[in-house]
Amino acid sequence: QVQLQQWGAGLLKPSETLSLTCAVSGGSFKIYYWSWIRQTPGKGLEWIGEVNQSAGSKYNPSLKSRLTISADPSKNQFSLRLTSVTAADAGLYYCARAGGMDVWGQGTTVTVSS
Amino acid sequence: EIVLTQSPGTLSLSPGQTVTLSCRASQPVGSSYLAWYQIKPGQVPRLLFYGASRGANVPDRFTGSGSGTDFTLTIDRLEPEDSAKYYCEQFGISPYTFGQGTRLDIK
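If you read the sequences in order, they're chains A and B.
Position 6 (the first sequence) corresponds to 114 in the numbering used here; numbering is contiguous.
Position 76 (the second sequence) corresponds to 77 in the numbering used here; numbering is contiguous.
Careful: at least some of the hints might be erroneous.
[As the list claims (entries may be wrong)] Now the in silico label distances, taken between C-beta atoms and shown as ranges:
| # | chain 1 | residue 1 | chain 2 | residue 2 | range |
| --- | --- | --- | --- | --- | --- |
| 1 | B | 106 | A | 182 | 41 to 51 angstroms |
| 2 | B | 17 | A | 124 | 42 to 52 angstroms |
| 3 | A | 214 | B | 82 | 14 to 24 angstroms |
| 4 | B | 14 | A | 164 | 27 to 37 angstroms |
| 5 | B | 95 | A | 192 | 21 to 31 angstroms |
| 6 | A | 194 | B | 21 | 14 to 24 angstroms |
[Said to hold, decoys possible] Covered stretches of chain A, going by a simulated chain B footprint (3 or more residues, C-beta under 8 angstroms):
| # | stretch |
| --- | --- |
| 7 | 119 to 129 |
| 8 | 202 to 213 |
Hints were generated in silico from the structure; no laboratory data involved.
Computed from a prediction, not measured in an experiment: that's the story for all the values here.
Cβ coordinates follow ideal geometry from the N, Cα and C atoms, glycine included.
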């Protein structure tokens, strides 16, 4: 049974970089796409982007200029890096298996405050 | 990007009733690429239905249907545990998008 475990710093100052990592266990990493999603008070649920080991990454245009999503197949992990965060980036961040997201990480609450 | 509009915004119903939630897309979405999720406070989102498939361990009281721009999630024989917020998502055309959600209260 596939499980996702995510981690990363949840308290940031404005202009800092958000870094989150999600580890995949119990199933294949390379054949699937892996997503990041966030839930914010302002926009509800928002798709951030996804990555596949072979196909590369796909980003939400609204975040693309600040966003990097990468995969590390040697560790069965994928990561999110969002630069120059503001209060608008605060919320609950999830990793999930893409395409009818049936497996989710536990979520990370991100707070942006000076 | 494709805008998904869900209706109604909020519902309050009684156990045993049947409800149909609506999700309307601003442009056609392949039915295989439309999903429904249930989110309860403090819990991880749960996949209910996508395409023609029910999510793992989802009761058959939950049924998704639709095509083109109009999709529905029907929940039969409502139970108090169905109180939650329900979201549709399209993952056929990037950027993938979610509806704003329907809050369902069962009392």
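Hint numbers the structure violates, sorted upward? Numbers 4, 6, 7, in rising order.
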